[in-house]
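Chemist: Sequence:
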Amino acid sequence: MSRTRGPTPRRGIGRDAAAAVAGALAVLLTSTAFSGVFSDARWVLPMITAVGTIASAGMVARSRRWATPWVITTQAVVLLVVLTAVFSDRAILGVLPGPGTITELWTLLGTALGTVRTAVPPVSADTALQCLVFLGIGLTALLLDAIAVSLRSPAVAGLVLLCVFAVPASLSDDLLPWWTFLTGALGFVLLLMAGSRREHTGSGEREEHRFVGLGGQSLTIAGLAAVVALLAGSTFTAVGTEGRLPGSSPTADGEAGEIGIRPFTSLQGQLTRNNVVELFRVRGLPEDAYLRAMTLREFDPSSGWKLAGLTRGVPARGSLPLPPGRDPSSGSRVRIEIEPLGYRDAWLPVFGVPLRVSGMGRNWRYDPAAGVLFTQSRQESRSYVETALLPEHSPAELRRAEGPLRIDPSYLELHGVEPRITNLAARITAEADTAFDKAVALNRFFTDPGNGFVYDEQTAPVSSGSALADFLFRGKRGYCEQFASSMAVLLRAVGIPSRVAVGFTSGRRDGDSRLITTEDAHAWVEAYFPGVGWTTFDPTPLDDGRTSLPSHLTGEQPAGESQTSETPGQDSSPTDSEQAAGGDAREDLATPLPEPPLAETTDNSVWATAGLCALVVAVLVAPATVRSVRRHRRMAVVTGGAPGAATTAWREVLDEFRDRGSLPATTDTARGVAGELTERHGLDAEGVDAMRALVAAVERDWYAPAGQPVDPALPDVLRRVRDSLRRSAPLRRRQRLLPRSVLRTGRPET
Numbered sequence: 006m007s008r009t010r011g012p013t014p015r016r017g018i019g020r021d022a023a024a025a026v027a028g029a030l031a032v033l034l035t036s037t038a039f040s041g042v043f044s045d046a047r048w049v050l051p052m053i054t055a056v057g058t059i060a061s062a063g064m065v066a067r068s069r070r071w072a073t074p075w076v077i078t079t080q081a082v083v084l085l086v087v088l089t090a091v092f093s094d095r096a097i098l099g100v101l102p103g104p105g106t107i108t109e110l111w112t113l114l115g116t117a118l119g120t121v122r123t124a125v126p127p128v129s130a131d132t133a134l135q136c137l138v139f140l141g142i143g144l145t146a147l148l149l150d151a152i153a154v155s156l157r158s159p160a161v162a163g164l165v166l167l168c169v170f171a172v173p174a175s176l177s178d179d180l181l182p183w184w185t186f187l188t189g190a191l192g193f194v195l196l197l198m199a200g201s202r203r204e205h206t207g208s209g210e211r212e213e214h215r216f217v218g219l220g221g222q223s224l225t226i227a228g229l230a231a232v233v234a235l236l237a238g239s240t241f242t243a244v245g246t247e248g249r250l251p252g253s254s255p256t257a258d259g260e261a262g263e264i265g266i267r268p269f270t271s272l273q274g275q276l277t278r279n280n281v282v283e284l285f286r287v288r289g290l291p292e293d294a295y296l297r298a299m300t301l302r303e304f305d306p307s308s309g310w311k312l313a314g315l316t317r318g319v320p321a322r323g324s325l326p327l328p329p330g331r332d333p334s335s336g337s338r339v340r341i342e343i344e345p346l347g348y349r350d351a352w353l354p355v356f357g358v359p360l361r362v363s364g365m366g367r368n369w370r371y372d373p374a375a376g377v378l379f380t381q382s383r384q385e386s387r388s389y390v391e392t393a394l395l396p397e398h399s400p401a402e403l404r405r406a407e408g409p410l411r412i413d414p415s416y417l418e419l420h421g422v423e424p425r426i427t428n429l430a431a432r433i434t435a436e437a438d439t440a441f442d443k444a445v446a447l448n449r450f451f452t453d454p455g456n457g458f459v460y461d462e463q464t465a466p467v468s469s470g471s472a473l474a475d476f477l478f479r480g481k482r483g484y485c486e487q488f489a490s491s492m493a494v495l496l497r498a499v500g501i502p503s504r505v506a507v508g509f510t511s512g513r514r515d516g517d518s519r520l521i522t523t524e525d526a527h528a529w530v531e532a533y534f535p536g537v538g539w540t541t542f543d544p545t546p547l548d549d550g551r552t553s554l555p556s557h558l559t560g561e562q563p564a565g566e567s568q569t570s571e572t573p574g575q576d577s578s579p580t581d582s583e584q585a586a587g588g589d590a591r592e593d594l595a596t597p598l599p600e601p602p603l604a605e606t607t608d609n610s611v612w613a614t615a616g617l618c619a620l621v622v623a624v625l626v627a628p629a630t631v632r633s634v635r636r637h638r639r640m641a642v643v644t645g646g647a648p649g650a651a652t653t654a655w656r657e658v659l660d661e662f663r664d665r666g667s668l669p670a671t672t673d674t675a676r677g678v679a680g681e682l683t684e685r686h687g688l689d690a691e692g693v694d695a696m697r698a699l700v701a702a703v704e705r706d707w708y709a710p711a712g713q714p715v716d717p718a719l720p721d722v723l724r725r726v727r728d729s730l731r732r733s734a735p736l737r738r739r740q741r742l743l744p745r746s747v748l749r750t751g752r753p754e755t
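Residue numbers (the numbering used here): 6 to 755.
Don't read these hints as lab results, they were simulated from the structure. Nothing false has been slipped in among the hints.
Computed Cβ-Cβ distance ranges for the label pairs, DEER-style:
#1 Arg479 with Thr132: 40 to 48 Å
#2 Gly289 with Ala431: 41 to 49 Å
#3 Pro104 with Thr132: 14 to 22 Å
#4 Trp111 with Arg367: 29 to 37 Å
#5 Pro329 with Gly500: 16 to 24 Å
#6 Gly323 with Asp413: 21 to 29 Å
#7 Leu410 with Ala431: 16 to 24 Å
#8 Gln740 with Gly364: 55 to 63 Å
#9 Leu736 with Ala711: 32 to 40 Å
#10 Gly421 with Gly57: 46 to 54 Å
#11 Asp131 with Arg367: 18 to 26 Å
#12 Leu346 with Pro104: 45 to 53 Å
#13 Gly105 with Arg288: 55 to 63 Å
Note that beta-carbon positions come from the ideal geometry of N, C-alpha and C, so glycine has one too.
Modelling step: build the complete structure from the supplied sequences, incorporating the hints.
Modeler: Structure below.
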């Protein structure tokens with residue numbers, strides 16, 4: 006009794022549609038991991054729209070029996086049309102992209118990528134980011150659809166899903182929501198299950214697997230998918246705060262009477278003051294100190310000091326790490342309560358060196374190198390408590406400071422500064438023996454009335470191409486930004502690392518607290534000394550009592566008397582210095598502080614790594630899990646004696662052979678298949694007898710009249726075939742982990 010099989014028919018439209026739907030669901034379920042990156046749900050609808058667009062376009066194209074290249078092209082074109090219709094106001098007829106549309110979308114995506122480079126998750130899903138989500142997830146869905154449906158390699162498509170999950174896992178320091186691991190794994194399982202559906206041939210009486218290993222085309226696509234995913238991952242995992250940072254926009258002023266801070270150190274700027282607004286009420290501050298909001302590292306001669314180099318830092322929770330080179334034993338440890346009144350910004354001002362900050366809410370981060378706390382976007386600042394180290398160093402200690410620099414060399418960079426400015430710095434500090442004395446001399450250069458510098462909210466007109474040179478040699482009139490910017494440049498000119506700090510002075514006394522207002526906005530200089538750390542200097546010649554002169558500058562005479570500015574035909578040089586005797590350091594108000602442990606700052610990254618590893622393991626064991634579930638389901642059918650039990654047992658035996666790399670020609674009969682497989686794998690006598698019994702049961706199931714009883718010995722027959730196969734051809738570890746009966750595509754293997 007034989008039945009000749011004809012050519013295997015083309016896979017039905019319904020099967021392709023089911024696989025496409027499963028692929029779309031897999032992308033959607035895996036993309037839920039982005040919930041840990043966004044602070045709102047506005048990204049969800051663009052994601053669903055993009056995935057639905059790809060799936061729908063693919064199903065329509067395949068229903069027309071188009072070739073795979075045309076299917077993919079159609080999907081890409083439809084994705085572009087929908088992208089244009091949703092995110093462009095310059096579309097032709099509202100949907101077709103034109104030259105203006107491309108420019109508009111390119112600008113929008115550029116804005117989104119700028120946010121990716123500078124933002125710290127979770128971020129608000131604005132229009133630019135929604136556009137990026139639509140395009141990114143849409144292209145991901147297109148790639149997965151091509152692999153899982155067109156090439157019928159669902160297991161290979163799992164690489165795409167893994168990389169989709171890896172992007173948010175790498176962006177967020179916090180562990181992603183636990184349920185996103187489950188949804189991602191569920192999406193992959195759905196993809197495998199849809200890809201493992203059987204196809205009927207001929208009259209539909211017999212079901213035949215269509216299998217092929219990972220062929221050259223599949224491997225090529227898989228390699229391209231891996232490369233694209235890795236490139237995307239490397240782009241997105243660069244997320245942080247490198248470059249332009251939250252709050253750094255020059256238009257980032259407060260709204261509705263709420264005031265924020267921006268880096269206002271452009272030398273050509275003018276200080277404008279609105280009505281006085283109360284910003285902070287501070288309790289527990291034992292002495293005058295500066296309230297620092299941000300620090301500026303990069304100097305551009307054409308535009309002044311800029312935000313640059315701020316890293317993602319660490320979550321501002323628990324003990325905070327000390328800045329590089331900071332001596333924890335010299336200073337007072339104090340507890341300061343800070344109540345924001347009219348302040349709203351992405352920067353959280355702190356006093357001194359923050360050791361711990363609490364109460365300000367979630368999503369704040371701390372960069373110890375820059376000494377600032379920040380978040381991605383402006384938000385209402387709650388009252389917070391800072392445990393701060395207020396550094397205290399005597400002039401003698403600062404003069405003895407020496408050792409290697411433990412900071413970024415960029416704090417010494419000085420590009421494009423005119424030689425006469427560096428020469429001025431050298432003349433001012435010519436008689437100073439130590440780095441500290443040089444810093445004091447530069448500070449006194451601005452504060453000594455004999456040098457002609459005047460504090461004024463109106464800067465002098467610019468008469469040359471260099472605002473810095475105009476201020477130093479001609480105008481000599483400006484506000485705190487001009488003074489701080491100029492001194493920081495001169496410090497670098499004599500080899501002292503420097504940066505500009507922006508924030509507030511300590512305000513005025515108001516009962517048992519201090520009140521800080523918009524009038525107290527200020528900029529000053531911080532110089533770095535090895536073994537000591539960043540030390541405050543203030544060159545602004547204020548005479549209204551608002552400055553908080555550091556203890557190391559009180560009564561300190563620099564290496565020289567009054568210096569005069571450079572004028573044409575006149576060479577200014579310092580006189581002999583009066584070296585002040587080094588006083589003793591003030592007694593600490595608290596015991597020396599140990600170095601805060603850094604392990605706490607890495608806990609979240611450890612958990613994120615562990616979660617990602619768990620996902621990788623889940624992806625690896627998924628094929629074996631699917632195979633095990635399928636086997637147990639079939640065994641239940643065979644044991645229960647349901648109609649078609651013999652055919653089900655036959656399918657299980659064929660999958661056992663497929664797992665071992667064997668599959669007969671689809672035109673052969675069941676008896677011929679059994680003979681070929683028995684000989685190929687060398688079944689023992691018991692196995693041969695069991696195979697004959699199974700073939701007889703299968704032929705009765707296929708050709709006997711309906712309603713025939715199932716042989717009660719069928720479960721034992723199946724067991725004996727499988728046992729014999731295990732003895733003669735045991736599965737290797739790779740075959741057990743990646744069963745070929747699950748990892749299959751649509752072409753028959755001979």
